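Knowing the structure of chain A, use the given hints to seat chain B on it.
There are 2 protein chains.
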Amino acid sequence: MHITSERRLDDGVLVREFTLGEIPGTLWTPASAAPAPLILMAHNNGLPKADARLVARARHCAADGYAVATVDAAGCGDRPRSTADEQARADLRRALRAGEPVDEIFESVVGPLVENAVPEWRTTLDALLALPEIGGPVGYSGWLALGIRLAVTEPRIAAAGFFAGGFVPRAQREEARQVTVPLLLLLQWDDEGNPRQRALDLFDAFGTEQKTLHANLGGHTGTPWFEAEDGNRFFGRHLR
Amino acid sequence: MHITSERRLDDGVLVREFTLGEIPGTLWTPASAAPAPLILMAHNNGLPKADARLVARARHCAADGYAVATVDAAGCGDRPRSTADEQARADLRRALRAGEPVDEIFESVVGPLVENAVPEWRTTLDALLALPEIGGPVGYSGWLALGIRLAVTEPRIAAAGFFAGGFVPRAQREEARQVTVPLLLLLQWDDEGNPRQRALDLFDAFGTEQKTLHANLGGHTGTPWFEAEDGNRFFGRHLR
Numbered sequence: 001m002h003i004t005s006e007r008r009l010d011d012g013v014l015v016r017e018f019t020l021g022e023i024p025g026t027l028w029t030p031a032s033a034a035p036a037p038l039i040l041m042a043h044n045n046g047l048p049k050a051d052a053r054l055v056a057r058a059r060h061c062a063a064d065g066y067a068v069a070t071v072d073a074a075g076c077g078d079r080p081r082s083t084a085d086e087q088a089r090a091d092l093r094r095a096l097r098a099g100e101p102v103d104e105i106f107e108s109v110v111g112p113l114v115e116n117a118v119p120e121w122r123t124t125l126d127a128l129l130a131l132p133e134i135g136g137p138v139g140y141s142g143w144l145a146l147g148i149r150l151a152v153t154e155p156r157i158a159a160a161g162f163f164a165g166g167f168v169p170r171a172q173r174e175e176a177r178q179v180t181v182p183l184l185l186l187l188q189w190d191d192e193g194n195p196r197q198r199a200l201d202l203f204d205a206f207g208t209e210q211k212t213l214h215a216n217l218g219g220h221t222g223t224p225w226f227e228a229e230d231g232n233r234f235f236g237r238h239l240r
Numbered sequence: 001m002h003i004t005s006e007r008r009l010d011d012g013v014l015v016r017e018f019t020l021g022e023i024p025g026t027l028w029t030p031a032s033a034a035p036a037p038l039i040l041m042a043h044n045n046g047l048p049k050a051d052a053r054l055v056a057r058a059r060h061c062a063a064d065g066y067a068v069a070t071v072d073a074a075g076c077g078d079r080p081r082s083t084a085d086e087q088a089r090a091d092l093r094r095a096l097r098a099g100e101p102v103d104e105i106f107e108s109v110v111g112p113l114v115e116n117a118v119p120e121w122r123t124t125l126d127a128l129l130a131l132p133e134i135g136g137p138v139g140y141s142g143w144l145a146l147g148i149r150l151a152v153t154e155p156r157i158a159a160a161g162f163f164a165g166g167f168v169p170r171a172q173r174e175e176a177r178q179v180t181v182p183l184l185l186l187l188q189w190d191d192e193g194n195p196r197q198r199a200l201d202l203f204d205a206f207g208t209e210q211k212t213l214h215a216n217l218g219g220h221t222g223t224p225w226f227e228a229e230d231g232n233r234f235f236g237r238h239l240r
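These protein sequence lines map, in sequence, to chains A and B.
The first sequence begins at 1 in the UniProt record's numbering and counts up one residue at a time.
The second sequence begins at 1 in the UniProt record's numbering and counts up one residue at a time.
Chain A on its own, in the form it takes in the complex (with noise of 0.2 Å):
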């Protein structure tokens, strides 16, 4: 792990940005001088690590105790994309302007970015978890997908915390039930993009014993702050 910038927030929380190979980081970490539990925070469906909500929770939840990773994995915010994943991505921003249907091309950009954005968080963890200012256990928190493929695949985690809004390919919703950690999911209940059903039916399927939904009312980006803090006290709880 390279720290390639580092600078310290009002509030003591220290900002390092990172690479670790091809993949570029910030890490957010406490004032406090005790191993932080870690949560890896990942944007929706690859949106860069640099854009502000992304960015605006993460500063909070550093300043609540916790240390706080993304990365932009293979393919996600600006990393070069394959010629396929263009054309996906093409084909998609047509079809949207045209009303037709949508899902298997989300099927054919999404599916992918997860399937190639897992093993790139794996190796952020094993780097950030070497650090002697990071402890356990870790949280996850945002992309629902990822961190679908992530809950069931590593072990160390320990506790999910989802945004219902963004596209979920087949293999993770089947993946769902297989998901046992104790876990939050987010709903905006007029999310235009991504059917509240689909969100209800997947709340339902999945395996863990403690679940619980959180719905708002609005669109896709009217989630209220209040969210920010609920989910740092679900970590609080599971993560300390």
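Think of the hints as simulated: they come from the structure by calculation, not from any bench.
If you're wondering where the values come from, they're calculated on a predicted model, not measured in any experiment.
The beta-carbon is built from N, C-alpha and C at its ideal position, and this holds for glycine as well.
Please note that a few of the clues may not be correct.
Some chain A residues near chain B, calculated using beta-carbon distances under 10 Å [stated by the list, open to error]:
| hint | residue |
| --- | --- |
| 1 | Ser82 |
| 2 | Asp204 |
| 3 | Glu227 |
| 4 | Arg233 |
| 5 | Phe234 |
Just chain B now, kept in the frame of chain A:
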């Protein structure tokens, strides 16, 4: 308002039993001397105010700085029931045992219960707000059908936390869209006696723009304790 007994708990909360005409009630007030916001707490479908789960929630809430009051309104708890009430309840028990449809019988039990309870809760609210140790604003917690009726008819109610696990008469299902105060609806995902879809439809129908649904795995009485804490924080956002 006539105080019939009082005692102080270890955490400083003062518990007073009172009567207001024929209405028996309990009032919990926090140790602090400053006027506290008031929460009216009612048990679904007229269950007794002395029920252990309600008492536990009320104490927790008072220890957190709220004045909490509950009453057994007409026909609720141990209050006398009319011959018609008794007959309807006998019909309900028989139908439940026989596995017959119960919606119409529930309607005949709960509909009048709500109608008769509302004026007694409003009388209680008048008396409570006259006490110097109670300030405004006022929250409501618990019994869904009564809460809908109160939120629609009583302008002093500023926020409402509802528990979905109770029959909601037709009149209140229709009134739901007139509820405009911030609300938190608590749903047990596998509540055997209360179909999940009805609760989701009701959440969808509420007229307020600030509505949040919390759903947890498990049956009617399985609500996790952290929801009591979440409830206090919900009231903290709207009553303080």
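Comparing the hints with the structure gives:
1. Ser82: Violated. Min distance 40 Å.
2. Asp204: This hint holds: Asp204 (chain A) lies near chain B, its Cβ roughly 7 Å from the closest one there, short of 10 Å.
3. Glu227: Status holds, d = 9 Å.
4. Arg233: OK, holds: Arg233 (chain A) within 10 Å of chain B, min 8 Å.
5. Phe234: With a minimum Cβ separation of about 9 Å from chain B (threshold 10 Å), the hint on Phe234 (chain A) holds.
The earlier numbered hint that this structure contradicts is number 1, and it is the only one.
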